[in-house]
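Student: Read off the chains here:
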Amino acid sequence: QKEVEQNSGPLSVPEGAIASLNCTYSDRGSQSFFWYRQYSGKSPELIMSIYSNGDKEDGRFTAQLNKASQYVSLLIRDSQPSDSATYLCAVSAGTDDMRFGAGTRLTVKP
Amino acid sequence: GAGVSQSPSNKVTEKGKDVELRCDPISGHTALYWYRQSLGQGLEFLIYFQGNSAPDKSGLPSDRFSAERTGGSVSTLTIQRTQQEDSAVYLCASSSTRQGSGYTFGSGTRLTVV
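As you go down the protein sequences, you meet chains B and X in turn.
For the first sequence, position 36 matches number 36 in the working numbering, and the numbering has no gaps at all.
For the second sequence, position 77 matches number 1077 in the working numbering, and the numbering has no gaps at all.
Hints were generated in silico from the structure; no laboratory data involved.
Predicted model only: the values in this text are computed from it and were never measured.
Be aware that a few hints might be false.
[To be verified] Which bits of chain B does chain X cover? Going by a derived footprint, with three or more residues having C-beta under 8 Å, they are:
id, region
1, 18–25
2, 66–79
[Unchecked claim] Result set (DSS-like, lysine-lysine): computed pairs, CA atoms no more than 27 Å apart in a straight line:
id, chain 1, residue 1, chain 2, residue 2
3, B, Lys56, B, Lys42
4, B, Lys56, X, Lys1011
5, B, Lys42, X, Lys1011
6, X, Lys1015, B, Lys67
[As the list claims (entries may be wrong)] Which chain X residues stay away from chain B? Per the calculated CB distances, all over 12 Å, these:
id, residue
7, Glu1014
8, Lys1017
9, Arg1022
10, Ser1027
11, Thr1030
12, Gln1041
13, Glu1044
14, Asp1056
15, Leu1060
16, Pro1061
17, Ser1073
18, Thr1076
19, Thr1078
20, Gln1084
21, Phe1105
22, Arg1110
The beta-carbon is built from N, C-alpha and C at its ideal position, and this holds for glycine as well.
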């Protein structure tokens, strides 16, 4: 069983729709959760972090965490073609042990 | 510096040659990580440094790969006797020691072994 699992996609949504990206993890001791965005040919960039159960909103992005279910998600509202990228879920139990999922490729169609 | 700097950005080398990849982390970031990403694939962890020491070398794929970090800052990843399967993008990231801090990635070195 992989430590961090994501659907590889591709996930395709029309412009203006809500994109929902999901991630599950195996280590119950995980404390910190991150979403990175990686455009094709570029390096990953951190877009969201979440540490407590519930929702965390930042502009059009909402991260959701449910530690009991070992589940973290990222919602992108009003999706734009510029949101088309691969989204990496990452999980950490301490300070230096981040584990990355393989990523979900999102395509937003105009 | 303002960000994580990697050099060279691109490297083409002949099979069997040695290569050195350099990473200059964000100033003050004590943790430094090397990852490898093949085309269309996820991130493959290679090695992690805390200061100058490498507590976790578990990801190095073979003894042809080595890395060092000096002065708690710049790190070099060396690949000896390169093989075609070493072709990939090599990414460096750094982070602070604050729990819950994310990683900042450099722009990567694209290595092509011909």
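Student: Okay, which hints does this one fail, numbers in order?
Tutor: 1, 2, 4, 6, 11, 12, 13, 14, 21 and 22
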